[in-house]
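Starting from the given sequences, assemble the full structure and let the hints guide the process.
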Amino acid sequence: MHGVLRLKAKLDGEVIKELEPVIGYLHRNAEKLCEMGFYCDNLIYFDRMDYVGAMNMEVGYLEAAEKILGVPPPERAKWIRVIMAELSRLAAHLVWAGAYGLDLGMLTPFFYCFGEREKILTIFTEACGSRQETNYMSIGGVYQDFNEKIIEEIKDFLKTFPKRMEIIYNIYVKNDVFLSRTKGIGVLSRDLAIAYGVTGPMLRASGVEYDVRKAEPYLVYDKVNFDIPISHKGDNLARFLVRFEEMRQSLKIIKQALDKLPEGPYFNPKAKKSMMIRMRGDGEYYARTESSKGEFGVYIVGDGGVKPYRVRVRSPTFKNLSILPVLSKDVMLADMIAISGSIDLVFGEIDR
Amino acid sequence: MVDIIQESMGKDGRKIIQVSVENLIPLMNEMRSNGFDHLSLVTAIDRKDSIDVVYHLHSMDRNEYVVVKVNTKNYVVPSVTGIWPSANWDEREQYDLVGVKFEGHPNLKRLFLPEGWIGHPLRKDYDLSKVQYVNMDEDGEDYATFDAGDGW
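So the protein sequences, as listed, match chains A and B.
Anchor point for the first sequence: position 68 equals 68 in this note's numbering, and the numbering is continuous, going up by one each time.
Anchor point for the second sequence: position 10 equals 10 in this note's numbering, and the numbering is continuous, going up by one each time.
I should point out that these hints are in silico values taken from the structure, not numbers from a laboratory.
Some clues are possibly wrong.
Pairs of lysine-lysine, DSS-like flavour, derived with a Cα cap of 25 angstroms [to be verified]:
{"#": "1", "chain 1": "B", "residue 1": "K109", "chain 2": "A", "residue 2": "K307"}
{"#": "2", "chain 1": "B", "residue 1": "K11", "chain 2": "A", "residue 2": "K270"}
{"#": "3", "chain 1": "A", "residue 1": "K119", "chain 2": "A", "residue 2": "K255"}
{"#": "4", "chain 1": "A", "residue 1": "K273", "chain 2": "A", "residue 2": "K307"}
{"#": "5", "chain 1": "A", "residue 1": "K149", "chain 2": "B", "residue 2": "K130"}
{"#": "6", "chain 1": "A", "residue 1": "K10", "chain 2": "B", "residue 2": "K109"}
{"#": "7", "chain 1": "B", "residue 1": "K124", "chain 2": "B", "residue 2": "K101"}
{"#": "8", "chain 1": "A", "residue 1": "K32", "chain 2": "B", "residue 2": "K11"}
{"#": "9", "chain 1": "B", "residue 1": "K130", "chain 2": "B", "residue 2": "K69"}
{"#": "10", "chain 1": "A", "residue 1": "K329", "chain 2": "B", "residue 2": "K109"}
{"#": "11", "chain 1": "A", "residue 1": "K255", "chain 2": "A", "residue 2": "K155"}
This is the structure we're talking about:
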């Protein structure tokens, strides 16, 4: 369900003694491709990293690229980006919620989740004409302004979604089989999580209150009011609960952002299309953002040319997957599937 | 105190510490005991005649970032996997794509590309015109070849 992961396991009966993930089957070397394109071109490779929540990847790249090029987005574009990034986070969490059910042998929530996700993708289509690899944001702003219809659609979605989400939530937490397969399985301790560089919902489920949106606010996250959900249990169920609470917080952010959305230009005139390929970047910048999977960092080194000298991506799932061999030592084979599902793997991002 | 070459401030407001290869491990040990418990990122940058390895260190409690840089001409850097386990895959990836040897790494194998791949793609002198094909042998191990007929 999660793409092209291959796991080599040494078994003793049904108990895993050693596990080695083999990755790289979706490797496209986006970092090299980024060195070959102009700053404005490289956005499309970021869409194709975490393809279930593409807007968050765009935010991450632009945070770094705009600082290197010196073209900050105007205020309205920042708010639009927050709305889109949070919708994208919802879309990504919905894919996870559906696929996790499939991992554990439940088929129903998958259809419910994708039905809801479809509504978000309709909003994306309205805004930029594309469902998944949106390429909506651009250097210095966004490609198109929000019109009345998009705002109406988002408001409709905010009205209907909370009820639907509680239905999906209840399908899971009222199911004894689900609880017995997640409660107390795959316990990740706080220190181990930090030592392995685990971030995102997985780290917060292990009791660390760390969210880049709060720790180092980017865009306008310091002007909206939301909480960081944490749990101290560190098991599969804790990760499940933290993600669902995050979805509720995302709805809160979108609601506030729609109310506060200011009037004004939606892109920086310094970054108009004819100028894009002539923009030169110098120096280095490391921007970190909170994607749906964890801390997504983009490190760009410029040499004063029109193309970046080196681009390096810190993908959260890459780090989160590296803990799987530790977590699945001496557990049953079927529990390993439950653990790997709870990590929220997206291979476009791991292999890059 | 470990000898450092230079200390400066980056564009992103993070302290950059430049250190020589010999002093890297003592400095990193000191950083770890100073509360930098999270190694966020290991980056190798090919500078054509030498290589930069950049470490982004982060302290979860104080929410503080520090950047440590080393420069080496012979593409060999000591591994920090013993200090932060998260460096394990990062260093394997940088070995795979840039070709830096991390001395003392427990399992320095290629991560994304198959064993036997020729060249390191993120080097500036990597030849992009040569196509390599990947196949799987009878033991299930991947290998690379220039011959199209052998691959798929």
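Checked hints:
Simply put, K109/B and K307/A have alpha-carbon atoms about 31 angstroms apart, too far for the 25 angstroms limit, and the pair is violated. Between K11/B and K270/A the alpha-carbon distance is near 21 angstroms, which keeps this suggested pair within the 25 angstroms criterion. Annotation: proposed proximity of K119/A to K255/A holds, straight-line Cα distance about 17 angstroms (limit 25 angstroms). A threshold of 25 angstroms between alpha carbons decides the hint, and for K273/A with K307/A the separation of about 16 angstroms falls inside it, so the pair holds.
Between K149/A and K130/B the alpha-carbon distance is near 50 angstroms, which puts this suggested pair outside the 25 angstroms criterion. Restraint check for K10/A and K109/B: satisfied, since their Cα atoms lie roughly 19 angstroms apart, inside the 25 angstroms limit. In summary, the hint linking K124/B to K101/B is supported, as the alpha carbons are separated by about 17 angstroms, within the 25 angstroms threshold. A distance of roughly 23 angstroms separates the Cα atoms of K32/A and K11/B; the hinted pair therefore holds under the 25 angstroms criterion.
Between K130/B and K69/B the alpha-carbon distance is near 33 angstroms, which puts this suggested pair outside the 25 angstroms criterion. At roughly 22 angstroms between alpha-carbon atoms, K329/A and K109/B fall within 25 angstroms of each other, so this suggested pair holds. Restraint check for K255/A and K155/A: the C-alpha separation of about 8 angstroms stays at or below 25 angstroms, so the hint holds.
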